[in-house]
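For chain W, the structure is supplied; the task is to place chain A on it using the hints.
Sequence lines, in order, name chains W and A. Numbering (the working numbering) for the first sequence: 437 to 991. Numbering (the working numbering) for the second sequence: 22 to 483.
Just so you know, these hints were derived from the structure itself, not from any lab. Glycine included, each C-beta is placed from N, C-alpha and C at the ideal position. A couple of the hints might just be wrong.
Okay, the calculated beta carbon distance ranges per label pair [claimed, not checked]:
| hint | chain 1 | residue 1 | chain 2 | residue 2 | range |
| --- | --- | --- | --- | --- | --- |
| 1 | A | L473 | W | S771 | 40 to 48 Å |
| 2 | A | D463 | W | P634 | 20 to 28 Å |
| 3 | A | A247 | W | G567 | 27 to 35 Å |
| 4 | A | D476 | W | V548 | 52 to 60 Å |
| 5 | A | L473 | W | E751 | 36 to 44 Å |
Here are the simulated PhoX-like pairs of lysine-lysine, each with C-alpha atoms no more than 25 Å apart in a straight line [as the list claims (entries may be wrong)]:
| hint | chain 1 | residue 1 | chain 2 | residue 2 |
| --- | --- | --- | --- | --- |
| 6 | A | K153 | W | K710 |
| 7 | A | K153 | W | K817 |
| 8 | W | K693 | W | K710 |
| 9 | W | K534 | W | K710 |
| 10 | W | K710 | W | K633 |
| 11 | W | K965 | W | K534 |
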Amino acid sequence: MTTSARALCAGLLLVGLGCDGSIGMREPQPEPEQPAFEPQPGPLRRLTATEYRNTVRDLFGPDIVVPSSLEEDQRPDEHGLVAVGVSTFSVSSAGVQKYEDAAYSLAEQALVQAEDPAAFVGCTPGGTVDGACASRFLERFGRRAWRRPLSPAERDRLVAIADDAAERTGDFHQGLVYAVATVLQSPNFVFRAEVGKPSPTRAGWNELTDYELATRLSYLLWSTTPDDALLDAVAAGDLTTPAGLEAEVRRMLEDPKARQGLRAFFDDMLILDKLLETSEIQKDPTVFLHYNAEVGPSAREETLRFLEDLVFEREGSWGEAFTSRRTFIDRTLASIYAVPAPAREGFGAYEFPAEAGRRGILGHVSFLIANSNRATSSATKRGAYIRQVLLCQPIPPPPPDVDTALEPSSPSAPTLRDRVARHLQDPTCASCHQLMDPLGLGLENFDALGRWRTTENDVTIDPSGYLNDGVAFDDAAGLAEVLADSDLAHDCLVRTLYRYGTGHHEVASESAALRDLQRSFEASDLNVKALLLALATSDALRFVLPPSDAAEVME
Amino acid sequence: MSVIRKKPTFGRRSLLRGILGGAAVGVSLPILEIAMNESGTAFADGSGFPTRYMTWFWGNGVHPVGWGPDTPSALPLTDPAFPWTDLWEPLRRLAPKLSFVTGFDVKTPGQYPHDSGIAGILSGAPLTADAKIWQRPTIDQIIADEIGGETLYKSLHLAGTDFTKAIAHRGPNDRLPSEPSPLAIYEQLFTAGFRLPGEGGVVDPSLALRRSVLDAVADDSRRMQARLGRADQRRLDQHFTAIREIELRLRRLEEDPPNYAACARPEMPPGELPPDERGRPDTDEHNRLMAELTAMAFACDQTRVITYMLSPPVSDVVFPVGDLDVIDDGNRLLKGHHDLTHNEPDPAMPKVREIVIYIMERLATYMEILDSVPEGDGTLLDHSLVLGTSDSSNPRLHSLEYYPIVLFGGADGKLKMNAQIDGSRDNASRVMMTLLRAMGVDRATFGMDAGLVNDGYGDLEA
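Here chain W stands alone, though its shape is the one from the complex:
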């Protein structure tokens, strides 16, 4: 068993994962000669469920009821990004059927059930069939939905569908339902293709078209479709100059939709969406009287509000994500934190006192409940999350045929630290567990619901731990300082945002672009808003390689 486990770890080392304990350290070494940046082909990205929702709200107005039954997004692995999943996985046939159902539901709400469909369409039809009115509407609607102007042929085909359906149903707006359903089911809506055209300046590279670039920016910064101003800017050629591009990105970052965009990114990176799934976050009701279905959504909202405030209101350092005592809580969370609710209704700002020991996102209920068991905390789950999500260090799964049971608590092993001791003694377990458990044990003052505690089974909890051999800490506040100062944590945010913005896992030829972004992030004192600007205006976002093995272009 031990042999096979070692063989597994050795095998994983070959592909870049490792459990030799050294990955926690970044040794100062001379900058290696780095090859120049070369992009990757742009992936075909399906709109995430969040992007779909945001987009149809922009297309139809805030009152539209978005069908909830769309196929769920998939992460490529437990801690991977949905943004990468949507450029990897296919949609199932049931999922495609759901797109059809959703398209008709949306179109009928706006065109049949609405009190004044003409207001949405923008013209009053002269009869059952009015090709001119249909054409004006579809041109405008299609440009927003497909993130580019329709070709005359595309427009005419949609008008023909609308006219034909209007004739057969005897109703102009009913006819438009079928044209709108076409727009919404088209791969031009459901997918974002990032192909580009041969670059005039970089041999062998493609440059995204301005509409493709605007779309990339819009989903990166806003998590929704470009607005008319952005599409107009493209049409005016504003994105073709570096100054024009930067001005447009700055405008986008000041738009309220940038908050929505940031929330979507952190939902994805920090796996906060999981907190909305009651089946994913289960707590034993007999132990946790405070726990109910409200806790998960409230906890997610706390973390998102906190990060939105950090990035946009205070433009603080990313390090504060780990060390801040300031947060936003509602009554549900206040009862778990055992503090007075700052607002009678909804969320209010609250600052934990310095002696409280609760710091940053690792002190949030969101992280603590999602990375615990039903009734007990888990140093391993918490440590694995820190390594993989916050430090971007993959941890392989436990080897096969290993009994992963923890001994039950007993007088000889009253605390979790005692019970996971074997993880760090048995060399088979220790190679990986030394990367997780010592981090997670630093958070043992928080139970499975995130409540503060100082004892477990009447024994005082020892919350000390270490990131690696050289970097130890005494407790959760110390762990927060360690992470706030860690280059790994800073680089990981940059890396994750890069993956989110480009829809793929970076390869070696892209490391120069990552390094540049990481340097500018450090130079900005870890200002996330500045990082968004740097990424949005970088070559990495603008250039792609031509698609590999593309079939001949038909058009």
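Below, chain A alone, put in the same frame as chain W:
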């Protein structure tokens, strides 16, 4: 997001419930005037009924001390001397229509606990070592490619708990998630254009319009495809195929539906199944509703291939069974299934045992519901092949040896029922190969690497 959608709750006094609520099977569904398919595919002797395939999956394996008798028995299951274990006992009432297939190993490596087992048994192939990617289609999809072309849906994928995890895969990065909402399945199958046998009525005029929309969408798909790299072309091609499937479905809805006598519209399921006072899901009712929908989806020939996931791998579902309190940290805790398989203090794991018995009871109920639908001289179950299996054998160690496999229905007499068939540590892929052949799929091999086989297991055949 809770997947079970909120809808007004209707009464549960369904047509089916009358016959399915009790163990006895006797009440027949109304036989309509047009009892037989006009195209003559379904005759009273049953020979013309299609053979259906189903995977019935549960998460977290069986039990550390195995689940069958210590020594394989050559006796028929109906023999009074057959050594039933407590874990098998719930299935006893289906003895003539089931076989236990024991002593087979999943030979592919178990590098990912639980997931490697699902891939190993259902696709015969390992997951990729670095990225955990499925490399081969699951058995249900191989079968669906062969027999799924004539029905409204090539295959359907259901779940008996509130999880969407996929146990069906068409190939790399092409998974088919499970649908946990009985109401969603009901709406998919029995509303929007569905007509009962003999039900006339006007063909919904919107069906033709929807088809013309799909035509335009398919055109867009082809145009976009031409600009993409090969991997994305394949992904878009799958999208395109799914659009064509919807078109085909709409065309079929415009034509006459098949006229199977047993086809009936089940009662509309409730949109929500409230948990009990301790927060445990109503898996009894959820399971029963999915079984009824499965029965009618098959009986109305809406599909011929279904997968069902009672619970996902690694799930900490707390089944509403007995008393799962465990003393831990000085508290009495309600424990989930997966947690118990690793952390139940008593080495005999009596609570895990209780859960497996509960799961086998759900399996028995499901099969009885399929068996209660008369078709010709037999029942729907007789015209089906159901593979019951899990993600591991011993869940504590995630082992892949002595894999739990149970078969029902026998594929219209092609497989040996009423028996324990022991494989003496042979490759479980050989069982899958035999199932494929029983379903009329002619393939030279199944699986890859250590899971690759080119022959079935003769003893399984009738």
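Against the structure, the hints:
Checked against the hint of 40 to 48 Å, the C-beta distance between L473 (chain A) and S771 (chain W) comes to roughly 57 Å, which is inconsistent with it. Taken as a hint, the range 20 to 28 Å is violated for the pair D463 (chain A) and P634 (chain W), whose Cβ atoms sit roughly 48 Å apart. Look at A247 (chain A) against G567 (chain W): about 29 Å separates their beta carbons, and that is inside 27 to 35 Å. In this structure the supplied range 52 to 60 Å holds for D476 (chain A) paired with V548 (chain W), their Cβ-Cβ distance being about 59 Å.
A beta carbon spacing of about 58 Å between L473 (chain A) and E751 (chain W) contradicts the range 36 to 44 Å that was offered as a hint. Among the hinted pairs, K153 (chain A) with K710 (chain W) is consistent with the structure: their alpha-carbon atoms are about 21 Å apart, no more than 25 Å. Using a Cα cut-off of 25 Å, the hinted pair K153 (chain A) and K817 (chain W) holds, with the two alpha carbons roughly 20 Å apart. Between K693 (chain W) and K710 (chain W) the alpha-carbon distance is near 23 Å, which keeps this suggested pair within the 25 Å criterion.
Taken as a hint, the K534 (chain W) and K710 (chain W) pair is honoured in the structure, with Cα atoms around 22 Å apart against an allowance of 25 Å. This hinted pair does not check out: K710 (chain W) and K633 (chain W) have alpha carbons roughly 38 Å apart, beyond 25 Å. Of the pairs offered as hints, the one joining K965 (chain W) and K534 (chain W) is violated, with about 36 Å between alpha carbons and a cut-off of 25 Å exceeded.
Violation of the numbered hints given earlier is confined to hints 1, 2, 5, 10, 11; the remaining hints are satisfied by the structure.
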